[in-house]
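Colleague: These are the residues of each chain, in order.
There are 2 protein chains.
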Amino acid sequence: MTDTAAHSVATEVEQWLARFEQALTEGDSAGSAELFGDESFWRDLVSFTWNLKTVEGPDEIRDMLEHTLGHTRPRGWRTTEPPAAADGVTEAWIEFETEVGRGHGHLRLKDGKAWTLLTALDELKGHEQPAGPMRPKGIEHGANPDRETWLERRRREAEELGHTTQPEVVIVGGGQGGIALGARLRQLGVPTIIVERNERPGDSWRKRYKSLCLHDPVWYDHLPYIKFPEHWPVFSPKDKIGDWLEMYTRVMELNYWSSTTAKSARYDQQAGEWVVVVERDGADITLRPGQLVLAMGMSGKPNVPEIPGADVFTGDQHHSSQHPGPDRYSGKKAVVVGSNNSAHDICAALWEGGADVTMVQRSSTHIVRSDTLMDVGLSALYSEQAVADGVTTEKADMIFASLPYRIMHEFQIPLYDEMRERDADFYERLEKAGFELDWGEDGSGLFMKYLRRGSGYYIDVGACELVAGGDVKLQSGAVDHLTEDAVVMADGTELPADLVVYATGYNSMNGWAADLISQEVADKVGKVWGHGSDTAKDPGPWEGEQRNMWKPTQQQALWFHGGNLHQSRHYSLYLALQLKARAEGIDTPVYGLQEVHHVS
Amino acid sequence: MTDTAAHSVATEVEQWLARFEQALTEGDSAGSAELFGDESFWRDLVSFTWNLKTVEGPDEIRDMLEHTLGHTRPRGWRTTEPPAAADGVTEAWIEFETEVGRGHGHLRLKDGKAWTLLTALDELKGHEQPAGPMRPKGIEHGANPDRETWLERRRREAEELGHTTQPEVVIVGGGQGGIALGARLRQLGVPTIIVERNERPGDSWRKRYKSLCLHDPVWYDHLPYIKFPEHWPVFSPKDKIGDWLEMYTRVMELNYWSSTTAKSARYDQQAGEWVVVVERDGADITLRPGQLVLAMGMSGKPNVPEIPGADVFTGDQHHSSQHPGPDRYSGKKAVVVGSNNSAHDICAALWEGGADVTMVQRSSTHIVRSDTLMDVGLSALYSEQAVADGVTTEKADMIFASLPYRIMHEFQIPLYDEMRERDADFYERLEKAGFELDWGEDGSGLFMKYLRRGSGYYIDVGACELVAGGDVKLQSGAVDHLTEDAVVMADGTELPADLVVYATGYNSMNGWAADLISQEVADKVGKVWGHGSDTAKDPGPWEGEQRNMWKPTQQQALWFHGGNLHQSRHYSLYLALQLKARAEGIDTPVYGLQEVHHVS
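Protein chains in written order, with this note's numbering: chain A, 2 to 601; chain B, 2 to 601.
Just so you know, these hints were derived from the structure itself, not from any lab.
Note that this is a predicted model, so its numbers are computed, not measured.
Please note that a few of the clues may not be correct.
Claimed, not checked - Dumping the calculated DSSO-like pairs for lysine-lysine here, alpha-carbon to alpha-carbon at most 27 Å:
1. A/Lys396 / B/Lys396
2. A/Lys396 / B/Lys138
3. A/Lys138 / B/Lys228
4. A/Lys525 / A/Lys538
5. B/Lys138 / A/Lys211
6. B/Lys211 / A/Lys138
7. B/Lys138 / A/Lys228
8. B/Lys302 / A/Lys228
9. A/Lys333 / A/Lys208
10. A/Lys228 / B/Lys396
11. B/Lys333 / B/Lys208
12. B/Lys525 / A/Lys138
13. B/Lys302 / B/Lys525
14. B/Lys138 / A/Lys208
15. B/Lys228 / A/Lys396
16. A/Lys208 / A/Lys334
17. A/Lys433 / A/Lys334
18. A/Lys264 / A/Lys228
19. B/Lys208 / A/Lys138
Please model the complete structure; the sequences and the hints are all you need to start from.
Modeller: This is the structure in structure tokens:
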């Protein structure tokens with residue numbers, strides 16, 4: 002941009018913000034809403050709504066403001082860097098404050114009106130995180146006969162918490178999600194216990210098949226507070242990320258109860274607290290936290306199909322999450338049911354291990370090559386180049402969050418068109434081998450599939466060539482039944498098998514609530530994940546945000562947390578702030594609590 | 002600066018660099034040396050000299066170039082950011098390359114000639130660290146029946162190294178120094194084993210007195226590669242830094258042999274390797290590394306005075322490094338011999354623990370208040386403000402390194418004058434209580450004392466007020482002998498004692514070589530630490546660099562590493578590059594190998 006153009010863009014944003022500030026200050030919801038275009042989206046992360054909520058168009062925006070403006074009292078809207086304009090859209094990074102907190106966000110203007118607005122709470126006033134200039138001193142200067150050292154304090158806390166004192170929050174599940182949230186809560190001073198059935202932090206990665214590496218690149222995977230170092234591999238091997246999580250849990254001083262099983266939980270409405278029974282070191286302990294977070298993983302509750310004959314099959318059979326890797330299957334016949342990420346990874350590892358492998362494709366799969374996905378799909382936000390261009394992980398997270406789910410696919414479709422063209426030969430080879438491909442119902446590709454249904458794709462790191470080349474045999478169709486030593490397809494094809502792996506995905510996370518709390522509560526909160534896109538496995542009506550994730554549910558004081566490392570990192574902040582506010586007795590009127598349309 | 006002034010400063014530096022480049026390229030040592038002022042210093046860290054070496058004035062500079070220019074072939078001298086000028090000195094950040102490596106440095110010009118030049122090797126060509134854009138991929142795409150997972154490779158390496166394969170480097174001592182160097186060598190791909198007698202990384206901190214916190218602030222303490230997070234305390238409690246070191250060792254994938262004792266080492270001249278015998282799990286293992294690094298700590302080899310009657314004293318007596326903390330001494334009489342850091346910390350902790358405490362001051366001590374030291378002495382380089390001003394830890398390290406030892410005290414004296422003035426009341430109270438103060442022989446204060454002798458000071462975090470107020474009793478003079486239950490001073494004063502702590506400091510690190518290798522080798526390499534300032538405990542002649550630290554010694558293939566966290570971090574790079582070059586068979590002609598003037 003020329004200086005003049007930059008000046009006029011800055012003026013446009015300043016004028017809009019000034020009008021917005023004035024309308025908000027005057028309590029003029031209608032006037033504020035008029036500053037938004039007919040097609041417009043305001044996505045709020047906690048700052049106005051105490052919810053994760055996207056409202057669409059002036060009418061919904063007005064309604065949201067009518068319900069929130071009185072107590073939110075937003076003010077101090079200003080840009081934090083010079084705005085930019087391209088293709089008729091002006092983009093600005095902004096900050097603001099409310100009665101109880103400070104936030105920042107992102108604004109897109111079209112024809113002088115707001116097209117998208119993201120507002121996100123960063124911190125609660127009076128409860129800022131003790132970092133940077135506010136970091137703790139570590140030593141208390143002077144002489145004090147009652148001095149307690151850091152180690153004594155940590156040990157006392159570990160002895161007392163859950164026994165003579167009660168945590169404010171219990172997080173069930175100590176994978177990346179529970180750990181990231183636990184770290185946020187520790188920094189916010191919210192007493193928390195993380196309950197994890199495995200022996201060590203990171204075991205939920207370590208215990209998976211041995212060839213597993215993260216499919217997302219390092220820039221996408223950072224945890225809060227401590228970034229992976231510059232030499233960390235692009236794709237973390239599972240045991241390496243396991244070690245990192247273990248290290249992180251220790252140095253972040255989390256109260257992490259490993260080898261502990263959550264057995265039951267019920268909400269004591271009268272006391273306003275949960276009664277959570279956990280088994281630790283062979284003994285039952287009852288915890289009474291104010292808030293309960295289920296962070297057992299969206300890829301945690303295996304979906305194992307009921308196949309006739311499974312009881313007569315004499316070989317090994319297990320869900321992909323239980324698959325130990327190829328070592329014991331050299332020279333054996335393996336049938337892998339499924340054709341998504343785990344299926345491909347496991348087929349390739351079994352082939353490398355010397356097994357005779359058949360993949361059973363039951364429905365079409367979306368495939369993208371890893372290199373292509375990194376270059377075309379992710380590099381603008383999460384890459385070495387992005388970091389060099391000043392797009393920090395934190396900024397990338399906010400840019401991603403600024404795209405409303407309703408129109409996100411429009412940003413995605415051109416990228417996947419480009420990928421399809423770039424790798425045309427590759428796709429042709431796959432189709433020639435009989436592999437059934439798709440690109441999502443609207444051609445929007447992998448991220449939308451992930452957000453809508455959390456499944457239906459494979460990021461190719463090499464298995465596709467085995468399928469295309471016939472090294473891994475491909476069998477399409479439905480499985481009919483198992484015999485003593487074979488998988489029999491609906492068309493009668495018999496696949497001899499010493500091993501059957503069910504790479505058949507996972508169920509909705511409210512299944513965890515059914516197991517731990519009750520079916521009644523699971524049904525009350527309803528389906529978790531997806532946002533009502535009315536595509537496969539994500540039925541309508543439109544909901545606009547991920548169902549039940551990181552925000553209040555229909556069950557008081559029950560929360561779901563999880564997702565990939567990016568989501569665990571970014572959304573743990575908003576969940577932590579919601580929990581902190583409740584711990585501090587700050588009023589948290591929820592606007593637009595989601596309704597439940599599906600129980601699973 | 003105005004634009005015009007900035008332009009003229011930039012021109013001055015460019016012209017100097019152009020003349021310098023031309024003279025160097027022409028092999029004109031004399032002409033190059035003429036570009037330096039009569040008072041001038043060229044400090045080279047490995048890039049020209051394969052040594053840490055400061056040459057002073059045109060004659061020494063010419064001599065150095067005559068010996069190094071032919072094989073170094075330096076070129077590509079350029080600034081990396083706009084130079085600045087103040088008080089008649091122009092400062093520039095520069096980069097350059099040599100035949101085998103790339104480096105950067107810092108230049109100060111006075112009256113058109115070089116006053117100080119720092120040249121530091123950053124990396125060896127063809128052996129760059131795999132970081133950032135060169136980071137490893139982590140997964141090998143494609144299908145490969147011989148694939149070895151990250152975990153399998155790590156396990157194989159751990160099983161083989163030191164048994165069926167030999168490390169290139171053995172580091173004896175797994176404290177902060179050994180760990181930082183081990184991390185550098187891992188990133189440079191140099192097979193290394195760290196031998197540590199304690200059970201866990203970090204134990205050398207954990208096992209010290211319980212109230213200990215680092216006296217240096219967090220910005221000064223970062224390790225290479227992974228920085229402390231933003232919420233890390235300013236002064237790390239000892240157990241917390243212990244945990245950090247333990248986790249760092251794990252995620253940096255160091256081959257760390259804990260619970261292992263180095264028993265003996267001898268250099269096999271013929272084979273060109275060390276024969277190092279270590280005891281691990283009760284069995285002797287012989288290691289044959291090409292290079293041996295002693296990193297057992299400059300505060301590692303206790304100096305315990307021989308006091309008549311020590312054998313008849315019936316109470317507890319131990320060196321400060323063995324002091325367990327105050328818990329068992331409540332109500333007891335404690336005498337702490339010494340008046341430096343450990344003495345003060347231990348006195349304060351004993352007093353807090355309810356002991357009756359007397360400090361024995363044998364000679365004057367330099368005292369600075371921690372807050373004052375941070376504000377006046379460190380904040381320009383290592384502080385939250387420095388970071389905000391763009392002085393990263395890496396940049397601060399280089400600025401510090403750019404000050405030649407010969408004139409460093411001149412930069413320090415005004416700071417300590419300021420401190421003395423700021424805390425005049427405090428010092429008056431201390432002197433009134435009979436405490437004997439000093440500021441170093443030339444008034445240059447704490448850092449110079451540390452660099453010259455590694456002792457003689459206390460950074461006050463509270464103990465001084467106990468001494469000033471008489472809560473901790475002060476006794477001046479020399480200890481004459483011990484009785485069954487008392488310390489008797491030279492003047493006859495008897496100090497009843499249940500506990501005597503010898504906070505009497507440490508001996509020169511070549512004592513480690515005497516213990517492990519032989520007295521002959523210890524004498525051959527001579528005194529370690531100090532630079533010949535001709536002040537107490539640092540006798541002349543002038544040597545210009547820290548004796549034997551991080552650079553070649555008179556014993557082939559023997560190296561000393563250590564110092565505080567700042568030095569462990571920064572100088573581990575140059576030591577690692579020297580070791581890497583030798584591992585790769587790169588020619589490393591050492592210029593100006595230090596002579597030995599003192600054996601201890």
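Colleague: Each hint: holds or not?
Modeller: To see whether the hints hold, each was checked on the structure:
no., hint, in the structure
1, A/Lys396 / B/Lys396, "25 Å, holds"
2, A/Lys396 / B/Lys138, "24 Å, holds"
3, A/Lys138 / B/Lys228, "17 Å, holds"
4, A/Lys525 / A/Lys538, "19 Å, holds"
5, B/Lys138 / A/Lys211, "17 Å, holds"
6, B/Lys211 / A/Lys138, "17 Å, holds"
7, B/Lys138 / A/Lys228, "17 Å, holds"
8, B/Lys302 / A/Lys228, "36 Å, violated"
9, A/Lys333 / A/Lys208, "22 Å, holds"
10, A/Lys228 / B/Lys396, "20 Å, holds"
11, B/Lys333 / B/Lys208, "22 Å, holds"
12, B/Lys525 / A/Lys138, "44 Å, violated"
13, B/Lys302 / B/Lys525, "19 Å, holds"
14, B/Lys138 / A/Lys208, "22 Å, holds"
15, B/Lys228 / A/Lys396, "20 Å, holds"
16, A/Lys208 / A/Lys334, "23 Å, holds"
17, A/Lys433 / A/Lys334, "24 Å, holds"
18, A/Lys264 / A/Lys228, "34 Å, violated"
19, B/Lys208 / A/Lys138, "22 Å, holds"
Checked against the numbered hints above, the structure breaks hints 8, 12, 18 and satisfies the rest.
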